[in-house]
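Visitor: Protein chains in written order, with numbering that gives the first Met the number 0: chain A, 0 to 512; chain B, 0 to 484; chain C, 0 to 164; chain D, 0 to 644; chain E, 0 to 105.
Hints listed in this document are in silico derivations from the structure and should not be mistaken for laboratory results. Misleading hints may appear alongside valid ones.
Claimed, not checked - Derived Cβ-Cβ restraints for the label pairs, each shown as a range:
| id | chain 1 | residue 1 | chain 2 | residue 2 | range |
| --- | --- | --- | --- | --- | --- |
| 1 | A | H107 | D | A31 | 40 to 46 Å |
| 2 | E | P4 | C | F69 | 40 to 46 Å |
| 3 | B | K480 | A | D4 | 29 to 35 Å |
| 4 | B | V49 | A | L44 | 36 to 42 Å |
| 5 | A | L44 | D | V564 | 37 to 43 Å |
| 6 | B | V49 | C | L97 | 49 to 55 Å |
Glycine included, every Cβ here is placed at the ideal spot set by N, Cα and C.
Listed below, chain by chain, are the residues.
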Amino acid sequence: MSLLDIVLFLPLVGFLLLVFTPKGNDQLPRVMALGISLLVFVISLGLIGPFMGSTIPEGYQFVTDASWISSPPIRYHIGLDGLSLWLVLLTTLLTPIAVLVSWKSIDHRVKEFFAFLILLEFGLIGVFVSLDLFLFYVFWEIGLVPMYFLIGIWGHDRRIYAAVKFFLYTMAGSVLMLAGIIYLYNRAGTFDYVQILSQLQSGRLVLSSQAEMLLFSAFFLAFAIKVPLFPLHTWLPDAHVEAPTAGSIMLASVMLKMGTYGLVRYSVPLFPNAAHKAAPFIIGLAVIGIIYGALVALVQPNMKKLVAYSSVSHLGFVVLGVFSFTQQGLDGAVYQMLNHGISTGALFMLVGFLYERRHSLEISAYGGVATPAPNLAIVFLITTLASVGLPMLNNFVGEYLVLQGASQVNFTATVFAAVGVILSACYMLWLYQRTFYGKASESLSHHMPDLSTREWAVSVPLLLLMFWMGIYTQTFMPPISAQNARILQQYQQQQNRPQSANTPGASEVANAR
Amino acid sequence: MPANAFPTSAEYLRFLPEIILTLGGVVIMLLEAVFTNDDQRKIFGPLSIVALFAALLASISAAGDPGAAFSNMLVIDGFASFFRALVIGIGVLAILGSTGYLRQERMPGGEYHALILFSILGQCVMVSANELIMIFIGLEISSIASYVLAGYLRDDPRNNESALKYFLLGSFATAFLLYGVAWIYGLTGSTNLDQIRGALQTSAAPLVMAGAAAAFMFVGFGFKISAAPFQIWAPDVYQGAPAPVSGFLSVGPKAAAFAILLRVFMTAFGPIADRWEPMVWGCALATMMVGNFAALQQSNIKRMLAYSSIAHAGYVLVAVTAHSETGSAAAMFYLAAYAFTNLGAFAVVTYFSRKGEKYVAIDDFAGLSQRQPAMAAMLTIFLLSLIGVPLTAGFFGKFYIFKAALDANLTWLTVLGLLNSAVAAYYYLRLLVVMYFKDPGDSVENLEPAGLSLQIAVYASAFGTLLLGIFPGWVLDIATKSALK
Amino acid sequence: MDALLFMIFAAIAVVCGINLVVQTHPISSALSLVGVMGALAALYLLLGGEFIAAAQLVVYAGAIMVLFIFVIMLLNAGTEARGRRSWAHYAGVPLLLLLFGLIACLITRRMPASENVVFGQFTKGGPLDIGRALFTTYLLPFEVTSVLILVAILGAIVLARKEID
Amino acid sequence: MHQLWLIPLLPLAGFAINGLFGRRLAKPAINAVAVGSVLLSFLWVLKTLSALGVFGGGESVLELAYQEHYFTWIQSGSLNIGVDFAIDRLTAVMLMIVTGVGFLIHVYAVGYMAHEGGYYRFFAYLNLFMFFMLTLVLGANFLLLFVGWEGVGLCSYLLIGFYFLEKFATDAGNKAFIVNRIGDFGFSLAVFLIAMHFGSLDFTTVFGKAKDMPVESSAGWMTAIALLLFVGAAGKSAQIPLYVWLPDAMAGPTPVSALIHAATMVTAGVYMVARSSEIFLHAHGALEVVAMVGLATAFFAATMGLAQTDIKKVYAYSTVSQLGYMFLGLGSGAFSAGIFHVMTHAFFKALLFLGAGSVIHAMSGEQDLGKMGGLKKYTPITFWTLLCASVAIAGIPPFSGYHSKDAILAAAYEFAPWMYWVGVVTAGMTAFYVFRAFFLAFFGEPRWKKTHDSHGHGHEDRDAHGGHGHGEPHESPASMWVPLAVLAVGSLAGGYINIPKWLEPMFKLHEEAPGTEWLVIVSVAAGVIGIALAALFYLVSPGIPEGLARTFSTPYRWIYNKYFVDEFYDALVVNPTVDGSRSLLWRVVDAGAIDGTVNGVGKTARAVGGILKRMQSGSIRSYAAWVVLGSIIVITAINMAGGGK
Amino acid sequence: MPALPASVPLSWYLILSAILFSLGVAGFLFRRNIITVFMSIELMLNAVNLSFVTFSYKLKQVDGHIFSFFVMVVAAAEAAVGLAIILTVFKNRQTLEIDEVSSLKN
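Next up, chain A with everything else stripped away, as it sits in the complex (with noise of 0.2 Å):
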């Protein structure tokens, strides 16, 4: 029993603790959610231990390999590296987070609520540490129910639209990798990644290159589509904009990274030849997406709409660093996930503020908040600042490590790419002014209290960790940096070993079953 397992199912046993609360009162899920969250943050604290200090470990930390399901040999094995660590206690850091957030926003079906969340958080934290390709897959679509509900309960009006279009996309491109991690299982034997991928480089395990590129398609396009990369996006503005505040924030800062967590965990080193092949590809819908979600964020009346777009925009990069297959490239995309999901979860938390207060999410609502509640002003500058990537905030940092390698493999890409931190700017001041400057009408005064103690209190751990991320970045970096090391070296093995699959007499012997 590590401290790993501890924190993936205290949040299961607290879903279940809520589930069989008395109904009646309000309250008591409200601090039990808010209980076990902590809980849980603080003790997945003590999972940074290993990674700190000089030398970053080799391998999976907290490793538990138990077996669960006999034939076919599916294995709880699950672990921790310098690529999951963050997302593990991002995860835990935002959910308490979202808990607080709706401390107020949420006073209907209050104890059902507060258990989906914290039953989201038990998805979300089993997809950043499961090692067993099944596993993984398990709570893959394990967040998907709790999200679906979050959405279509307490969402906005057009909610249960968007909630089965977020279900649906999203089950139409798991099934494939389900056939992929199918296929991967009959042609390995195991479903344990660890296993795989070291059959993969040891030869014992030789894909054909169109095998290869099946299943990369296949594990892709379920990444893809969580990402979301364009052209598979567009369940995440209704998504966003329905969902309640708190389900935009897990949405956006969590359960978007479970795509490109995806991308850099499994698609590149089970499948580098096929990756290598579609990267241009890949790269080109990136930086389409970069600028196009850019684009459209800039001409959304809903500011929701136009956050949500612009995590299309964020991502973008995030995939862009991840297919240049650079140090900085992978460095710079796993930095931007935590980014992105600090201040694009800021950023919806904070328009959740403002729509507590004026229960509308158009632009056109809002214009001169910043006079009547001056701290709220302040915290959203920031917070915009830090998405536009300003310097010395988190964002920066990610986006230029994700350019600076981009720059090395393509650099028309860049450039393009670039363009997009231009329109970031644009659209996200352009937001800002329509919103907070100008004179307050005199309904919007009276209705727009300043930051309450508990905004506050989500509020600053959030801006801190904006700053501390974009100036002291040896906090976080250098285990993620050891682990993309490791993935980069795998990468350039397998991208060196002759394939034999080129050949179309060593290919139907690799296929012979």
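Given chain A, work out where chains B, C, D and E should sit, using these hints.
Guide: Frame of chain A; chains B, C, D and E shown alone:
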């Protein structure tokens, strides 16, 4: 002529479950005259469950001593035992799920329980038969009981129509089945599955005719399992039949029919697998698509579940297409998983529809989650299992099936099947949407809490669904051990 | 002689069969069916099925068909009304021809060649042989069939009993 | 260790204190924190420089850059970017300008902003600006330079939009930030290329490697780096075509215009190009581009300055024009001359703006030259100090502008004589419009008397002094005029600080070629002629300008409307982007094509379901027909599969 | 008229069976009276029985006869239940028109 004209005691033991079920049914028929209607409902439910449990024990003990019985008419192997246990379990859940319904419709309980027992008896005979003649008789016992069950509320025109359609079309399809049997008999000189297999393996075997015979027989089996294009009866019959009966029909006879389909096609027609595989491939795909796509348009929940049941038959047909050991095991697991899930779902529908099945439109479920959160949560589990979300039985069922299909190099069928399951998510989600996202309407106003036996049925199904979803290993191990070659 | 008998009875069977299909009154159809059954009984005899020919007449033509006619009378069923015709009506003819063509083609082309039918060549279809088979090899189906009939009786009672509750 | 980090961190501390607690602090406390932190920073600069021997030693010190390493900022693979500060001669000059002039402007702002709302906010921003500007000049690698670079842009954005209740102010802020971002786009691409080709971003490493390359290296990427850097510089230093934000930036409070948009931030581009001189020297054709763009900017901005009626706009265009001069100097290879002009310009342009602020202050917020006049007797100190600055910018000896401008023009002549001539004409125009503004403000009939009252209200919350907008124009308080006086001294004598000589170890000293002494005379003459024309037009016979405007109505309209560049950008870039995004990308591509496809799949599925459900006609006979059809299909299929065996 | 052979091939019987089977199908498809439809099924079963007996002759086995015997029994059982079902339908709807019994549909 076999030497052992007189059966041994071991053979009787192997046939004990059927004997117990027969006795149970007969005792109920006899006692019926003694009790009033109210008492009947109270007594016969537990009585039949006792009989079923006895039969279950008998079949488990029979599984310990596998072998043929009665001049090779029956073969009690793992496969047969698995399905015997499954259909008996289905019987238990079906009876638990229908007690309240009978009370509310004020129907006598005697014949109902006897018919269920006889139907299960027929299914037991089917799954353990090793001879076409036994298969035919078992099928007829099960079917005739089912026809009557479908029309059990004889004053209800929906029930009449359901029974009539089921009966006429069922007999029609049976005629095709028999025609195929006649041919295969003429070609191989036997109706014993092993001997047919042996005859077909000889070099002189007339394979084209055998294929045609297999096709005729597939019409009959395909009808029972509601495979496209023989699925058309299912929606009407399931919609018209009493809700608990629909639940029973969608799993019991179907599981047994799949068992004999697997046994006949993998054993007897094993040598001509390359002939029927493409045909079953097409049927599997067509079945999935017809079921899923047509379900998108349904507004009646029983009808929707009927289409869903068609679609699920399509998934199992994928496993049949694979015609491998893993495929057979996957089909077995899937049918078990589906039994729990669908019986549970129908139990909730039974509970919800109330007297005269007034509330069976999907929109009637609006706000169920707020009036009966526990029931709604259970239905959610069943629906998620039907969608195939992990940690439910349905997910592992699909997983094993598609794994077997990929093993058998059925890549495209796998991909199309998986995409189908994504399409299917839509209509299940619609029910979730209505239950959870819509405000309660009139239909949930006067909803009484569920009766005890129904609650047992629902919770047991949910438990089974989750158990098979979280620890599928033990059932799969049994299935793998007892799968056909 | 065999051929002639076959021709005669086959002709009767086919004509009665067609009559069954074209008659609009159920009684006419029922009588046509009896005709088919009688002709078939004769053919069974030609094929050496003494017992089965008898059973055909006793069970089928005698018992079952009487039941049919009884029900027809009971329900006072009259001539079919000329109602609307579904697509099945029009598609039916080509479908039938296709089905029949397929079966006939298979029988004539693909059925392994065999000898001509000569009366008296096969004599094991007598009651003795049947009885021996039924009570040895086919003991179980024979017994189980009794359950089948029991179920049928039960079903008929459930559906046709006078009143409920 | 000389604790260089204290230099930027002192203002940052000021920012932090005022930013976090300013709302609860009294004004004197805010002043103390804001001004004090900058003063301490200035003093620390002096202390550090003297400790480095700058004031005592002369030539020998700071041959090499003095560098301090604090911590690793970004470490990824071979790329290691530290938070390092360094001082060399160039930095020393910039530090002195930034902290010195910055301090004066802080002092001035205390008086100027005395009656403003958001007082603490203003000073917090101003301190933050100081922090970023100092980081910019102290940073020892390109990325740290970029930090300061973006940071000052942010402060510029915040301060331009200081009056955030007014849409034009926030619009101007956005415009400044976004146009700067376009420049930064070029800068960042340059940074990527530098890291790619030099393997590092540290100045010492990069320039060391660049130095070892052959002069006029033919490597295309070197030129690309240089040009991309220049794009960045053009954004920040308001060069064609990215100058459009600077005139709008005058929406900010006047001290901001003086500090950020005249003295310091806008010269960051010049600093950066000078800093990267090794790269420019090794890049084929890059310097030519710099010179051309600089010259074009200088000339066109000057023409635009001719017709402006807003006093701050006049100075804004003059800033653009002077920045063009600086780039002309840099492009001509006279890096030190460019920096020299940065310094003198800091003096006289800060003075011009502060003087303008004083005038505006006196006029209770009025900025229109057409509504001024005759202020000489009301605001004598402002009058004299502004005169100093105007003479300096006109390039009249011995004022500071003369020295630096002369150095630039001399270099330009050597580079290309025609550039010199254009420069001279520009100098003449500069002298003309600066004095035009000067004369219009201080001489002639007071044109403000009739309309005075109404104006006090019009600009109530826009710029200062709604509260005391009644009565006669008056001289500014001491906190305002003392900095004016100090800057006047700088404008007067600043030219005698021989920056080119001081920078000689870094940049080749530009020796004036023999036989070119006449160049000086010509350029001075141009200045004199410009002043004379201004005097003629606006003092002697005020009718001439209108006549000229009527006669040359088309050129006048173009100049008056700034060549319609803003409108051109709007029509060509901004509107198509916004409209295209809305109507094409969002509505057509996103909602129509992509989402339409997605929903279309759903609709198709349901339509298929609709067709399939027609099978279910309810009629038993049709069901039987399906069974028959199915059996035919099944039998056929199974026969097909067998291959006829 | 060609001379009639002394005996006919086995396949003629089978063809006759096929004809009767098809006629049964035809009756199901074309007749509208439920009882007639049911009788058509009986006709199909008879056709099947003919096949069984024919094959039994060919194989010189009794098993085909046994099978057809069971078919008869089953047919009897089905007849009992089927007619009972038809009775209930008639009681509820007062009609034997098969097309009238089509209320369950999409």
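Visitor: Provide an ascending list of the numbers of those earlier hints which the structure does not satisfy.
Guide: Violated hints: 1, 4 and 5; rest satisfied.
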